[in-house]
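**Q** Sequence:
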Amino acid sequence: MASKRISQETFDAAVRENIEEFEMGPDEAVREAMEQFESQGVDLSNIVKTAPRIFADGPQEPEHRILQALDALREALAHSQPQELSVPLAHFRDQCQQNRSCCFLAAQKGAYPVLLTAWQLATEGNPALLLQVLDTLTALTDGQPDLLDAQGLQLLVATLAQGASAADLTCAALRLVRHACLKHEQNRQALVKAGVLPLLTGAISQHGSYADVVREACGALRVMTFDDDIRVPFGHAHTHARMIVQENQGLKVLVKAAQAFPDNPSVLGELCSTLSRLAVRNEFCQEIVDLGGLDVLVALLDDDTNHQDLVKQVLSALRAIAGNDDVKDAIVRAGGAESIVAAMTRHQASPQVCEQSCAALCVLALRKPENSRVIVEGGGALAALEAMRTHPQEAGVQKQACMLIRNLVARSQAFSQPILDLGAEALISQARAAHRDCEDVAKAALRDLGCRVELCELWTGQKGDLAL
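Counting from 1, one number per residue, gives the positions in the sequence shown under UniProt numbering.
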């Protein structure tokens, strides 16, 4: 059942009543109002939970600081003087960054049309003001992509195109693209139709030495491949990924950028994550290898890096491109299997790294007996079982490890006994008992290991008419 909601005015009225009728202090009045509404099952996530201004001369509308800042910005904009907008813009942005509920209230009170007008004014040769407007819009639209209308989306593409030579403007516009498209399929499709994809890859090519631009461009490219808007029956995630690769040389741009940042784990992680999102076709996986992307990924694992987030993203990228059977073999020939096992051993305390390592090895072993041999002889089975012992409560680790064990022995029965000697049966049985998600994969692993598994009918059909 959906949570109940109230308006900001209703909450403010309750706070005012607590102050005026029950002589509470502002903090106590807010706290009492929160407890009152939460006890009734009201969701207050979009409510500004501060005491409004109380006027002594009559029932005027209570005002919060975010609304005061919006009024000041609206008044400055009425004079159409760009030099007068800087201070109120900065103040409004600061208020938006205080809390998402402040952004929600400002949006309800017409903040977007005000900022759109400021945006149009700033495009008339005032890059400093334009940068400020973009930053403010980014703060306002965080979690509110519906605010951007067709005019705003067109202006965003134009801003990216016209300000392509300025790294700071490009970075701010890219950040706004990401906010506008997150969980909003309509905005994604509108921006793609307006020509945003070549601008995203072009930003990386043109500003390849600017870490912030590359990072934000990767985030914008990835969000174009998301299918996260529950309001539409299906999205264009695959189509957008194909367009990025085939029409805008996305893979070439990303691999080249990765080679330019050998010592920047943050940027490398973003690039690897983006490669993972684009490896949606067999030929794309092979193209990453042909461009030298596989060498980059294996080298990153071999660097003995202590950056677990980067290791996790590299493993995810290897797992993605290993969907191509030829690439599976290429990864193993490049020493990727040993590098994955070494990374899992080195980061045994991280459940995320262990899960991704097992998942990557699982894909490498699928339908590939020779790859299974390399993994087992390289200590992959032992490392996976150690991960199961270390993280018994992590369902993801347990599930991926079970799938790996199953793939290792499915076409190579000779490995069953050595793996059983390492204690696999007990660990898999424990995973099966502890995690419902592991039931099927654990049973399959035990079966292929040659262990006794009790099979049961999940349902039994009965003779009779299907129609009621």
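Think of the hints as simulated: they come from the structure by calculation, not from any bench. Check before you lean on any hint, since a few could be wrong.
[Unchecked claim] Pairs of lysine to aspartate or glutamate residues, derived as EDC-like cross-links and limited to a Cα-Cα distance of at most 20 Å, are as follows: (1) K193 x D227; (2) K368 x D448; (3) K183 x D229; (4) K193 x E124; (5) K109 x E124; (6) K252 x D295; (7) K183 x E124.
[Claimed, not checked] Label pairs and their in silico Cβ distance ranges: (8) Q36 x P262: 55 to 65 Å; (9) D71 x P233: 19 to 29 Å; (10) Q162 x K193: 31 to 41 Å; (11) E17 x R436: 40 to 50 Å.
These figures come from a predicted structure and were not determined experimentally. For every residue, glycine included, the Cβ atom is placed at its ideal position computed from N, Cα and C.
**Q** Evaluate each hint against the coordinates.
**A** Status of each hint after checking the structure:
Distance restraint check for K193 and D227: the Cα-Cα separation of roughly 17 Å lies within the 20 Å cut-off, and the hinted pair is therefore satisfied. The hinted pair formed by K368 and D448 meets the criterion: a straight-line CA distance of about 15 Å does not exceed 20 Å. At most 20 Å may separate the alpha-carbon atoms for a hinted pair to count; K183 and D229 meet this at roughly 5 Å. Taking the CA atoms of K193 and E124, the gap is near 25 Å; set against the 20 Å cutoff, the hint is violated.
Restraint check: the Cα-Cα separation between K109 and E124 comes to about 26 Å, which exceeds 20 Å; the hinted pair is violated. Among the hinted pairs, K252 with D295 is consistent with the structure: their alpha-carbon atoms are about 14 Å apart, no more than 20 Å. Proximity of K183 to E124 is assessed by CA-CA distance (about 32 Å); at most 20 Å being required, the pair is judged violated. Checking the proposed 55 to 65 Å range against Q36 and P262 shows it holds: the Cβ atoms sit about 57 Å from each other.
Take D71 and P233: their Cβ atoms lie about 42 Å apart, and the range 19 to 29 Å is violated. As the Cβ distance of Q162 to K193 is approximately 19 Å, the hint placing it in 31 to 41 Å is violated. In this structure, E17 and R436 meet the distance hint of 40 to 50 Å, their C-beta atoms being roughly 49 Å apart.
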